[in-house]
Amino acid sequence: MLKRYLANIKKEFILMSRDIHTLLVLFVMPVAFILIMSLAMQDAFSEHKNISFKTILYAQEKSELTDTITQALKKSNSFELSTTQDANIKKQMDANDILLGIYIEEQKDTPKITLYLSPKVSPDIALLFRENIYKIAMQYETNKQISSLNPWLSIEDKNEILKDKNIIREEYIGYSDKKTKRPSSVQQSVPAWLIFSMFFIVIPISNTFINERRQETLSRLAVMNISVGELLLSKLIPYYIINTIQMILMVLMGIYLVPLLGGEKLMVHLQDWPLLILVSSFISFASISFALAISSFVKTTEQAVSLGGLLNIIFAALGGVMVPIFIMPQFMQYITNLSPMAWSLEAFLAIFLYNGDLSKTIMPIISLTLFGSMSLMVASYKLKKEVTEG
Amino acid sequence: MIVVKELTKTFGDKKVIDTLSFSVDKGSICGLIGRNGAGKTTLMKIMCGLLSEDSGYVKIDEFMTSQQKNLVRAKIGYVPQKSAIYFDLSGLENLRYFGAILGLSGQHLDSEITRVVNIVDLDEQINIIASKYSGGMQKRLNLAIGLLGNPEILFLDEPTVGVDPQTKKIILNALEMIVKKENVTIIYTSHYLEEVEKICDALIILECGKILAQGNTSELLKDFKTAEIRLAKPLELKESKWNQKNYIYITSANLKTELPFLLENLKDNKIEEIMYGGGNSLEQFLNILEKEHLC
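Those protein sequence lines, which keep their order, are chains X and U.
So that you can map any letter, position 188 of the first sequence is 188 in this note's numbering, and since no number is skipped, the others follow by simple counting.
So that you can map any letter, position 25 of the second sequence is 1025 in this note's numbering, and since no number is skipped, the others follow by simple counting.
All the pointers check out, no bait thrown in.
Stretch-level coverage of chain U by chain X, calculated; a stretch enters the list once three of its residues show a Cβ under 8 Å from a Cβ in chain X:
1. 1078-1089
2. 1093-1106
In silico BS3-like links for lysine-lysine, alpha-carbon gap of 27 Å or less:
3. X:3 x U:1069
4. U:1014 x X:384
5. X:74 x X:91
Hints listed in this document are in silico derivations from the structure and should not be mistaken for laboratory results.
From a predicted model like this one, the values you see are computed outputs, not experimental measurements.
All residues carry an ideal CB built from backbone N, CA and C; glycine is no exception.
Work out the full structure, taking the sequences as your base and the hints as a guide.
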């Protein structure tokens, strides 16, 4: 049995290696898109150059911390600070298109600071804002510690104290939690065009699968005792390997090649890789099963490429590949949920934006599994019918 | 031995196979002939275990095809009508792949490949990509794959459709050779009477899913082949009775009616070509048979 799988894998690899068009679509197309889009969209994704960001501050009581923050931010060229007496900061941010908000709550021993970030805030602006407030708060806390006669504390200890006291909390405001963090140009482009190319696995699959159907090769294989299940599995394995190679190459490109050409580096930690492979496996399952379903219905490779290509482009347009989801209006953001590419993108962004938070990938993984299973069932039913009924 | 007993298969309302019964001896070549839609391919697919019958059975040696598919399939080789090969693989890569699917490996696979390549005379072209083969070479590779694993029974679905005379000769010689040397049983569907006449020991003539005639090949064709003359259609005779057909056959059965017409045209020098024997005379043969057996 293993020898048969190995023979199938070898056959598919040889066939693919001899199809230059397939290799171009699977590997060169995403490389080109990632490079072009990462570099071209850099400025669009980072709007903070020479601009100050509207920031609003509310403090329950006038305090030393409030004064420190107010003075520091007013000195900064990056923030245009205004204070308010209205505690409902979110409402004012929405109404006045303010990107950043600070809410200072006085408590007995330590004040609590909540930072509000609009969904339009990109990661680099968020970082700048966060770092500024941390710096101010640390200064304030350090002064307090010193004044409490703790002069022996190191900066690190002081930072730890600050962290332990947890005086700063962050909250993104927006339509829904899962889409509130905004990716950078490279964080958007790498997964988006990777997913797009992964779904284009329909081209090599339809090339061989439709030929096998038309030339009665499937009947010949059936007479050689290959079951429909074995046949489908022998398609899933080699193309899964191809999809995984695509993922590794494209992510490495985001890490090493894009910065070399002047773009932003894709930040991927070593511990993110297992999750990247896990997510990519489910995307691969969905894309291959979908390709098999299409290839089992149409009669010619041309039809498969046209139909598969068309559906992929629709999925991509809806799924945030061509137009990032966060800039879509709210109703369109709901419609994106229809596209398997949106689930795939959501899963990848959960890794890049939320430090490999597994819990945020579970829902998209479930959706991809259901979609893939249904596609595979359709392909299996159609194939069984074709082999047994002619 | 293959035994087919009261086999019936229906697609929708159409009975494609209608209570067929016959048997095929081990080591013989049995030809299945009939018009398109007669039920040849369906019958062959049921015999290979690709399709299930509605009633009746096919028994290959001691195994029932519908219930013991895997055991039956271990004994058979199948050569589909189309070239069921991978066109972007070389001949050798195709044979290696299908050999591995059959569970062959190592030296056994190598010797099997050498054997089948010799049978179909493809040794010199074996490393060429199959898409660069001529149609005839693709058919020979198609046959070679069916011969892998030394099957006891070989099913061939019109293996010579659209091939050149040279390839046809190679294929037919190969089949005769493997029957003689390896005692293989062959089930062979064809449209060409001269082919089945050359290689088949027995014939089963199908029409509308029923057996129109069956028996020893030479006996069945004895009367038919005696006076066959094929006439090509001259262009200037478009308005005549030749409009119906591109050619006419003059056989022992229609000699009286067709000969005056032939002589008249010969006299006027309007006949372009006369061919003796050969040609696709299955249609004429079936027409004659149907005078007695209508479906």
